[in-house]
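Student: The residues making up each chain are set out below.
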Amino acid sequence: MSNHSGKSSLQRRTFLKAASAFAGTSIFGGVSFKAFAQQAQALAPADHCFVFAYFSGGWDQLLNLDPRDPTEFTPERISETRILPGYSLLSQDPSYPTMPIRPQGSNIAFGPAVGRFANHFDVMSVVRGINMNTVAHEVGFRYFLTGKEPNGSAARASSTATEVVGQLYPRMANKPPVPNLAFNIESYNDRYGGYANALRVSSANDLLLTLAPGPTALDSEIEKQLLDMRGQPVSCEAQLYDSRGLVTQYQDARKQVRTVLDATLDRYFRFDSTTGDPMAVAMEKSATVARYGLRVGSNGLPNDPRSSSAARAALVATALKKGVSQCVSINMASGLDTHFGTQLTQANNQRQGWNALGDLISDFKESDHPSGGKWIDHVTILVFSEFSRTPLINAAGGRDHHITNSCAVVGKGVKHNHVFGASGNVGMSAGVVNYDTGLPDSKGLPYLPDHVVATIMASAGLDYSIMRVEPLKGLQG
Amino acid sequence: MKTTTSTLVLFAAVFALVSCSSKTVEKPAMEGTLETVDMGHHPPTVKLADPEQNQGHIGRKPRRISVAQLRESILTTTGRQWSQINALAATLGQADYALTVSESTEVNLVFAKFLEDGAREVCLATASADLNKPAPDRVLFPDVTITNRDFTMMSDDAIKANLSYLAIRFWGQAFSDAERDSWAGTFKTVAARAKTINRPEQAWGAMCIAFMTDPRFATY
Chain A
1 MSNHSGKSSL QRRTFLKAAS AFAGTSIFGG VSFKAFAQQA QALAPADHCF VFAYFSGGWD
61 QLLNLDPRDP TEFTPERISE TRILPGYSLL SQDPSYPTMP IRPQGSNIAF GPAVGRFANH
121 FDVMSVVRGI NMNTVAHEVG FRYFLTGKEP NGSAARASST ATEVVGQLYP RMANKPPVPN
181 LAFNIESYND RYGGYANALR VSSANDLLLT LAPGPTALDS EIEKQLLDMR GQPVSCEAQL
241 YDSRGLVTQY QDARKQVRTV LDATLDRYFR FDSTTGDPMA VAMEKSATVA RYGLRVGSNG
301 LPNDPRSSSA ARAALVATAL KKGVSQCVSI NMASGLDTHF GTQLTQANNQ RQGWNALGDL
361 ISDFKESDHP SGGKWIDHVT ILVFSEFSRT PLINAAGGRD HHITNSCAVV GKGVKHNHVF
421 GASGNVGMSA GVVNYDTGLP DSKGLPYLPD HVVATIMASA GLDYSIMRVE PLKGLQG
Chain B
1001 MKTTTSTLVL FAAVFALVSC SSKTVEKPAM EGTLETVDMG HHPPTVKLAD PEQNQGHIGR
1061 KPRRISVAQL RESILTTTGR QWSQINALAA TLGQADYALT VSESTEVNLV FAKFLEDGAR
1121 EVCLATASAD LNKPAPDRVL FPDVTITNRD FTMMSDDAIK ANLSYLAIRF WGQAFSDAER
1181 DSWAGTFKTV AARAKTINRP EQAWGAMCIA FMTDPRFATY
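First to last, the protein sequences are chains A and B.
Heads up: the first sequence runs through residues 1 to 477, numbered per this note's numbering.
Heads up: the second sequence runs through residues 1001 to 1220, numbered per this note's numbering.
Bear in mind the hints are in silico, worked out from the structure with no lab data behind them.
Treat the hints with care, as some may be off.
[Unchecked claim] No farther apart than 20 Å at their CA atoms in a straight line, the calculated lysine to any residue pairs in the SDA-like style are these:
hint, chain 1, residue 1, chain 2, residue 2
1, B, Lys1160, A, Val234
2, A, Lys224, B, Asp1214
3, B, Lys1160, A, Pro440
4, B, Lys1188, A, Asp228
5, A, Lys415, A, Pro440
6, A, Lys365, A, Ala290
7, B, Lys1061, A, Tyr241
[What the hints assert, rightly or not] Restraint ranges, calculated between C-beta atoms of paired labels, are given here:
hint, chain 1, residue 1, chain 2, residue 2, range
8, B, Asp1181, A, Pro170, 38 to 44 Å
9, A, Ala287, B, Ile1197, 55 to 61 Å
10, B, Arg1169, A, Asp377, 52 to 58 Å
11, A, Ala460, B, Gln1055, 31 to 37 Å
12, A, Met172, B, Pro1051, 27 to 33 Å
13, B, Ala1178, A, Ser153, 30 to 36 Å
14, A, Arg116, B, Gln1055, 53 to 59 Å
15, A, Asp377, B, Ala1178, 52 to 58 Å
16, B, Pro1051, A, Glu138, 47 to 53 Å
17, B, Asp1096, A, Pro170, 48 to 54 Å
18, A, Pro278, B, Ile1197, 54 to 60 Å
19, B, Ala1161, A, Arg191, 46 to 52 Å
20, A, Thr264, B, Ile1197, 49 to 55 Å
21, B, Leu1131, A, Arg156, 35 to 41 Å
Just so you know, these numbers come straight off a predicted model, no measurement behind them.
C-beta atoms are modelled at their ideal positions from N, C-alpha and C, and glycine is treated no differently.
Kindly produce the complete structure, drawing on both the sequences and the hints.
Tutor: And the structure:
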């Protein structure tokens, strides 16, 4: 009886296997189901992804993460508070509120320029009162990027993205083809292999060059002959030469190239055209264009990250969700070094970046991650600038460089709807806090970018010893 | 009887001792190395590591060529330069000593992808140019007699001879007979296809791509 049952089960299994193989072959147009599944598996997104979003030029934190009530910090009290929010100077554009924003249920108050980013208070922590120890652009930027105070203006450690990839990549079963991607931003590697180096691109075209077939094509039959030749067994001498694995590594890289090219990932980054795309891909791209409100940029293309912050956010989402990258560092907004500009210029330039980030977080909140849960449960976003701008407006109507800074950490690994630390109510001085609670404490200690980066790394289960500081328990989720 | 046997054993032992000690004792090779052949007039050679006692390794660890080496190698082997090599140098691992202070010679997807792109550009351009040159000036098939740009007319021996020439040109290494025969078989199929589609440059151009994207070109 049992034998009969076993035989029946075997036949049924054999039939199902054959049926699924047939269905796979039919559905994927000649590509076997196994090959298709392997390809999908090979490009699965990382379980924990990271985004490092940089606002270039030094942001005015009164307009974003560390606002002040203008009815309390009035022009009349300047000599006492040394703080002037200046929100009334935004009144030329009625879309800007003239008071700090606090969405319903939020423990975090935001400045008027954060736009749609404020809607995501429920998945973020804001860190205020960070001591940057510098008011030089390159120094502050490299400090936050690496979590280590530079030597002079020279970076003294790997970028945090490189640290993350350097530690995680060797352990990953499904290695992303471009694990560390940097759009228009510096990247450093001082102690990891080349696998952790960022692919630094200044435009979407650079990325497309990597993901798309080369411009010089061979006849498809000749192409196949080359592929077959590469798959032939190697001689004993070749095996001996490869005893340390370099040749295997090269051959694996070539297979990975094939996988990436076969997946035609480049088409997902060509937001400006759906020509030749299968229906599903065209619909997905249309949804991306609509979600991020992509518009044609100055070069006539909507997919160039130089054209808008929105296009950059869409590229970040695509790179992570398609399994191309695990860490993306991106220059999200620029034009913030407004010594002579108006408050409105600063606010407009900031808001583009914040709105794009808001759309990116919405995307992560709504999209399912293949390993379960939503994407926002699998991604950590650090939003930073090199320093902030002075709390007082200068004689030219702008603001100069200020040493106290703030940042936002969104998603996995940090507390949500939470404010850590505070800047002083006189001249927005750097804060001192109790590290465990994040509450201002006159007996507490100052905190630096090192602490923020150490917290992010510790939350991801990574070795943060290179930071030489302990993570902030009051920030860890 | 017993005494006679003991005397014989003692005699044999003494004889053996005398015969061993009269032999020249050779100095054993250093542990974990193989003896090299003494060429007499050459300076002393370094002993090769014995792969059996070195986890299967022999010699130093192979390395990927740097961007500067790649640039020179392409120029030396094909006589022309890949147009994108300077634009992609940083991506291929060249240090700029401002942001990147060490040369990356990592073999990764980006290197493999761009080397493939570069090989295609350079090889097809070289093969196209060779079609219009007299035999001695050609790079990829200098000793081949071409009839109507048709490489299917080449004899097996001519194909193998040209492949051997290219192996030395691109890798500085000779082919094994088995591998050369296998490549020759591929070439015949490629040449037939190139003739069918009337793209004669793709015949030796494709083989050039195979040589240039082979690990023996990109590592040393």
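Student: Look at each hint and say if it fits the structure.
Tutor: Hint-by-hint comparison with the structure:
1. A threshold of 20 Å between alpha carbons decides the hint, and for Lys1160/B with Val234/A the separation of about 18 Å falls inside it, so the pair holds.
2. Between the alpha carbons of Lys224/A and Asp1214/B the distance comes to roughly 16 Å, so the proposed pair stays at or under 20 Å and holds.
3. Between Lys1160/B and Pro440/A the alpha-carbon distance is near 79 Å, which puts this suggested pair outside the 20 Å criterion.
4. With a C-alpha separation of about 14 Å, the suggested pairing of Lys1188/B with Asp228/A holds against the 20 Å cut-off.
5. With a CA separation close to 17 Å, the supplied pair Lys415/A and Pro440/A stays within the 20 Å bound.
6. With a CA separation close to 16 Å, the supplied pair Lys365/A and Ala290/A stays within the 20 Å bound.
7. Annotation: proposed proximity of Lys1061/B to Tyr241/A holds, straight-line Cα distance about 9 Å (limit 20 Å).
8. In this structure, Asp1181/B and Pro170/A meet the distance hint of 38 to 44 Å, their C-beta atoms being roughly 40 Å apart.
9. Taking 55 to 61 Å as the suggested C-beta distance range, the pair Ala287/A and Ile1197/B does not conform, at roughly 40 Å.
10. Under the hint 52 to 58 Å, the C-beta atoms of Arg1169/B and Asp377/A, about 55 Å apart, fit the expected range.
11. In this structure, Ala460/A and Gln1055/B meet the distance hint of 31 to 37 Å, their C-beta atoms being roughly 34 Å apart.
12. Between Met172/A and Pro1051/B the Cβ separation comes to about 31 Å, which falls inside the hinted range of 27 to 33 Å.
13. Separated by about 58 Å at the C-beta atoms, Ala1178/B and Ser153/A break the suggested range of 30 to 36 Å.
14. At about 57 Å, the beta-carbon gap between Arg116/A and Gln1055/B stays in the expected band of 53 to 59 Å.
15. At roughly 54 Å, the beta carbons of Asp377/A and Ala1178/B sit within the given window of 52 to 58 Å.
16. Range check, Pro1051/B to Glu138/A: Cβ separation about 50 Å, and the 47 to 53 Å hint holds.
17. Between Asp1096/B and Pro170/A the Cβ separation comes to about 26 Å, which falls outside the hinted range of 48 to 54 Å.
18. In this structure, Pro278/A and Ile1197/B break the distance hint of 54 to 60 Å, their C-beta atoms being roughly 28 Å apart.
19. One distance hint, 46 to 52 Å for the beta-carbon pair Ala1161/B and Arg191/A, holds here, with the actual separation near 49 Å.
20. At roughly 24 Å, the beta carbons of Thr264/A and Ile1197/B sit outside the given window of 49 to 55 Å.
21. Between Leu1131/B and Arg156/A the Cβ separation comes to about 55 Å, which falls outside the hinted range of 35 to 41 Å.
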